[in-house]
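Chain order of the listed sequences is A and B. Quick note on numbering: the first sequence equals residues 2 to 114 in our numbering. Quick note on numbering: the second sequence equals residues 6 to 118 in our numbering.
Misleading hints may appear alongside valid ones.
As the list claims (entries may be wrong) - Have a look at the derived ranges for each label pair, beta carbon to beta carbon: (1) B:A75 with A:Q12: 40 to 46 Å; (2) A:S67 with B:Q86: 30 to 36 Å; (3) B:P118 with A:N75: 38 to 44 Å; (4) B:K76 with A:L40: 25 to 31 Å; (5) B:Q113 with A:E69: 16 to 22 Å.
Quick caveat, the hints were computed from the structure, so don't treat them as lab data. Note that beta-carbon positions come from the ideal geometry of N, C-alpha and C, so glycine has one too.
Here is how the chains run, residue by residue.
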Amino acid sequence: EPEVTQTPSHQVTQMGQEVILRCVPISNHLYFYWYRQILGQKVEFLVSFYNNEISEKSEIFDDQFSVERPDGSNFTLKIRSTKLEDSAMYFCASSEARGITQYFGPGTRLLVL
Amino acid sequence: QQQVKQSPQSLIVQKGGISIINCAYENTAFDYFPWYQQFPGKGPALLIAIRPDVSEKKEGRFTISFNKSAKQFSLHIMDSQPGDSATYFCAAIRSGSARQLTFGSGTQLTVLP
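Using the sequences plus the hints, can you model the full thing?
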């Protein structure tokens, strides 16, 4: 069964460093999302991406964040200068069409020291 | 107004019992209400979903009840099993959006053998 994959599974970084989280969505999917989950809190929407551009973003997704689909398979989230409060589990999700089921990856646990 | 409120935070049920998780929303622009199940170390996975023009949807042991006038919906797990032990999130999707999920805060369900 096709699945969304994410790498790395864990990432530890120093405050102020740049991190890139990688996702490989399901191959025929067209809509891509990033969510985050701070420990013990709910899952929060960050950004949606379709047709090589951001379709919607939350207030969390400020200028420190960027997304890219550098090739036909990868979807990345970059945090330019990490802050302590960026420590969270980051989930990538994809869907075949708008409004259809989103499939989530296993997440990347980011720890900013 | 974008929030989805979920209760209880945690729930302990005996095997064979009924688990009930409740959610409420304010934004009438929400037009799709999925429930996600998350096991430790995994991403959320779609369990069951309902549209507001339907008052109830049943899939196996899982039932969503929807009260449009009260802006409330609930998940009922009949004959709960230890394998159902997981975190459950209600969510909502707003019409006209990029179809991103707005999640509730989650309910940690433990089914005792």
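Hints not upheld, ascending by number: Violated hints: 2 and 5; rest satisfied.
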